[in-house]
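First to last, the sequence lines map onto chains S and F. Quick note on our numbering: the first sequence kicks off at 148 and runs consecutively. Quick note on our numbering: the second sequence kicks off at 91 and runs consecutively.
Don't read these hints as lab results, they were simulated from the structure. Even glycine gets a Cβ: it sits at the ideal position worked out from N, Cα and C. Some hints here could point you the wrong way.
[Stated by the list, open to error] Every beta carbon over 12 Å from chain S, so not counted as near; a handful from chain F, in silico: (1) Arg96; (2) Ala136; (3) Arg140.
[Unchecked claim] Here are the simulated lysine-lysine pairs, DSS-like style, with alpha carbons at most 25 Å apart: (4) Lys398/S with Lys260/S; (5) Lys197/F with Lys325/S; (6) Lys232/F with Lys325/S; (7) Lys398/S with Lys374/S; (8) Lys277/F with Lys258/F; (9) Lys97/F with Lys207/F; (10) Lys97/F with Lys268/S; (11) Lys281/F with Lys328/S; (12) Lys260/S with Lys97/F; (13) Lys296/F with Lys290/S; (14) Lys283/S with Lys149/S.
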Amino acid sequence: MKSGSNLEKVLTSGQFAVCGEMGPPQSADGKSIKKKAEYFRGYVDSVNLTDNQTAIVRLSSIASAHLLLDAGVEPVMQMTCRDRNRIAIQSDVLGAYALGIKNILAISGDHQKFGNHPQSKNVYDIDSLQLLQILKNMRDEKKFQNGEEMKVEPRLFIGAAANPFADPFEFRVLRLAKKVKAGADFIQTQGVFDVPRFKRWMEMVRDLGLPEKTFILAGIIPVRSVKALQYMKSEVAGMSVPDELIERMSKAAKPQEEGVKIAVELIQQLREIKGVHGVHIMPVMWEQVIPQLVEQAGLLPRPRFEEEQTTPAKEAPAKG
Amino acid sequence: MIVAERKPLEEILRLIDGAKTVLLTGCGGCVTVHMAGGEKEVEVLASLLRLHYKKEDKPIKILTQTVTRQCEPEYVRELADNVDKAAVVLSMGCGVGVQFIAENFPKAWVVPALNTKFAGATLEAGVWAERCGLCGECILYKTGGICPVIRCSKSLLNGPCGGSQNGKCEVDPEIDCAWQLIHDRMKDLGKLDLLLEIEPPKDWSKARDGGPRKVMREDMRF
Ligand code: SF4
Ligand code: SF4
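The shape of chain S in the complex, shown without the other chains:
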């Protein structure tokens, strides 16, 4: 075990994993995270906490992850390269681990132009690949980016993102291979609506032998309106939404129910694809859907493991 996280246990035990995702509030309302935790507890193996997603200021992913952990749900803390340099990133990684966070997802981050502070400076001291490498070296070599050693290393389960629908298409898989080489233990993909294209991508992924080296979680975005689908098709960079799906949704008498149905079908189709080790469900502002969605997809009950006695973070002596 690299980290002993619940997600790692589920995946290494060969079971089909289910990840959720939650966007922290745009305020200091920590309680809302604990409230939302109810929709996930017992229904998923871990939940991503986004890091100021779309460059909108939100409660920090570290604090959110910690609050979620307190509420009994395992967090995957997202960490972008947009807002912090290597000093801040490594410091936050140490802090997160000391707070009991064991899964981190390294991503480039949306450009600040999309957010609510487009005038801010864009940092990008390192990119997501370099971040993966840094996280891996911190864990496996006990070394900081500069080569200096640390006493207590963060034992993390390291994740990366992949977008099978972005361009240049052929290079996407090679870049994924690079991410795996850099240290990605697991991969979460962009939301899949275009299954044929995803299948083609997975074929290439298998050709490179990547499913043997990393765990791949296919992205699912449940939608409750045709508007949401149309928005994703036209506005979200790197998203492929087939017209049939839009048509089907626009004809639905009860779009919410249809949305759940579509998501269930997508999960079932993705599950059949060789090399897909789990799903990562991103219910943008629709967390309430998680219990019924997971149940209808036949993914319950979620595996349970014996609690470890102590987490390494708690063993570490406090320094005065």
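Following the hints, put chain F with the ligands in place on chain S, whose structure we already have.
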């Protein structure tokens, strides 16, 4: 070259407000080449200013002088007589020129007439684009002669990010994705394998992040 653009007239008027004599000075370097602050542009701006003050019925004297380059001491010193006469020196050089005039004339009040934008090239008549971020340690040999440091909106060295679509950058459909360009070129040149290497974190201390930089060449010093 260094590419710059003239500030809006209203802003320039604010910068020289109240001065009885203004020295408007152009530069014969980059800003002349891309027609932002050479002799011609100096005359155009001078006429605009004179016209404005005439309408307002305020007397003002605008002296004009364009030097070969505002970034070299011997040329800047040619401005001495006019600087003495002026209450404000309005430079149409890039940010370097403005500072270098100030540096050479400690008592002068020097203000910029241009916004200095980037180090770039002429794409076609009237269009200039950024090409170099002056990072201090050039890596163009790794990326087929296309700079990811400045042309990728996120300076990714192991790009492309997930927002690259149809060859365009997620930030703006008008901007080419640098990593699509790099990928295509490396593929054409049969060097795609170079992109499979993980590029380590960059040493930004060689860039401005390490503090203001200076180049010294012993062989050029007396
Ligand atoms: S790598 Fe650095 S020096 Fe070379 S073009 Fe890019 S910014 Fe300029
Ligand atoms: S779309 Fe291309 S140029 Fe834009 S940030 Fe991503 S990799 Fe860089």
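Evaluated hints:
no.	hint	result
1	Arg96	holds (22 Å)
2	Ala136	holds (34 Å)
3	Arg140	holds (36 Å)
4	Lys398/S with Lys260/S	violated (35 Å)
5	Lys197/F with Lys325/S	violated (57 Å)
6	Lys232/F with Lys325/S	holds (16 Å)
7	Lys398/S with Lys374/S	holds (12 Å)
8	Lys277/F with Lys258/F	holds (18 Å)
9	Lys97/F with Lys207/F	holds (11 Å)
10	Lys97/F with Lys268/S	holds (22 Å)
11	Lys281/F with Lys328/S	holds (20 Å)
12	Lys260/S with Lys97/F	holds (23 Å)
13	Lys296/F with Lys290/S	holds (23 Å)
14	Lys283/S with Lys149/S	holds (10 Å)
Violated hints for the displayed structure, listed by number in ascending order: 4, 5.
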